[in-house]
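Student: Sequence:
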Amino acid sequence: MSPEAAGASTRAQQPAPAQSPGVPKSSVCILLPTLNEAATIGDIVSDFRARGYDNVLVMDGGSTDQTRDIAREAGARVVEQSGEGKGQAIREAMAYVDVPYVLMLDGDGTYDPADAERMLEPLADGYEHVIGDRFADIDPDAMTRLNRVGNRLINRSFTTIHGAEYADILSGYRAFTVDSFERCSPSADGFTIETELAVECVKQGIDTTVVPISYGARPDDSETNLRPVRDGGRIIVSLYSLARTNNPLFFFGSLGLASIVVGAAVALFVLTQWLVHDIGHNILALVGAAAILLGVQLLMFGVLSDMIVSLHRDQRRQLQRLSHVERTHSADRPAHREHDPDDE
1186 MSPEAAGAST RAQQPAPAQS PGVPKSSVCI LLPTLNEAAT IGDIVSDFRA RGYDNVLVMD
1246 GGSTDQTRDI AREAGARVVE QSGEGKGQAI REAMAYVDVP YVLMLDGDGT YDPADAERML
1306 EPLADGYEHV IGDRFADIDP DAMTRLNRVG NRLINRSFTT IHGAEYADIL SGYRAFTVDS
1366 FERCSPSADG FTIETELAVE CVKQGIDTTV VPISYGARPD DSETNLRPVR DGGRIIVSLY
1426 SLARTNNPLF FFGSLGLASI VVGAAVALFV LTQWLVHDIG HNILALVGAA AILLGVQLLM
1486 FGVLSDMIVS LHRDQRRQLQ RLSHVERTHS ADRPAHREHD PDDE
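Numbering-wise (the numbering used here), the sequence shown opens with residue 1186 and increments by one.
Certain hints may be false.
[Stated by the list, open to error] Each computed SDA-like pair below joins lysine to any residue, with the alpha-carbon atoms no more than 25 Å apart:
(1) Lys1210 - Val1363
(2) Lys1210 - Gly1294
(3) Lys1210 - Arg1368
Simulated from the structure, these hints should not be mistaken for lab results. No experiment lies behind these values; they were computed from the predicted model shown.
Produce the complete structure using the sequences and hints provided.
Tutor: Next up, the structure:
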């Protein structure tokens, strides 16, 4: 496990301090990506505004119901995204955010606006990204057994591959600073956006914590846009592919080991056929040798790539430390006052 991942994992397991006065509500944009959420969006927007959050942004993905009209009537800014997918909607929405903090949640009524202060509090304490843990207080009817098993598998895969434990990386309830989002630079268009954000938090060394939230069942008249098997498969593939730049030793090492195992199996078959039956398989022997050689090369490439990534992380930490010191000195430096002849 890399030092950066270990640090992120430690931060994720620590409870956020509670002594901060909190983030000003005027500095928060409530971001709601939607697609056909007419049954729930009005109540969500109204609830946030009643709690003092006037900056509510609904990023709509081309709803065919009354989602946009209902959101506007409730007092939200509504923007129709130019592309498709939740990830694209979130990236595009950031161009409309003019405050330093974002509280993001789905517009399907499963997340509780009452958890807003709990989500935002760690940001005031210095954290940059907050994940709401749905399993801390989940309605029994909120997920099918298949979804629960899939979530557990994905979370364990994330911890194994990327070396940090965030409890619920698929949670759609997030609070983060605009600066940290820009450093993440996510590229996913669909439901893998939460996965990519979690990976980027580890990769970029973003201070991340997890807080308990409640998670309810969707209302009966609200239809889900999630396809568990299809989207779950995409998330698993995304977790593995993102390891190429975050944990290259795991990515190339696993491919290398698989190639070596296949090559060794072929070589064992060829050897058995030659010793027992006196049958030669020259082509298969070449295939087995090539597979073993490829596997060794992939392992070596993984080690070298991991060294480069570690060096890059060390350099980035040093630059961030120098930048922080410079900002601190600039803030402490007294403002220069021009000479005024009247003072003489």
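Student: Is Lys1210 within 25 Å of Arg1368, Cα to Cα?
Tutor: Cα-Cα ~23 Å, so holds.
Student: Hey, Lys1210 versus Gly1294, does the alpha-carbon distance stay inside 25 Å?
Tutor: holds (21 Å)
Student: CA of Lys1210 to CA of Val1363, is that 25 Å or under?
Tutor: Holds. Lys1210 to Val1363 sits at ~15 Å (cutoff 25 Å).
In summary, this structure violates none of the numbered hints.
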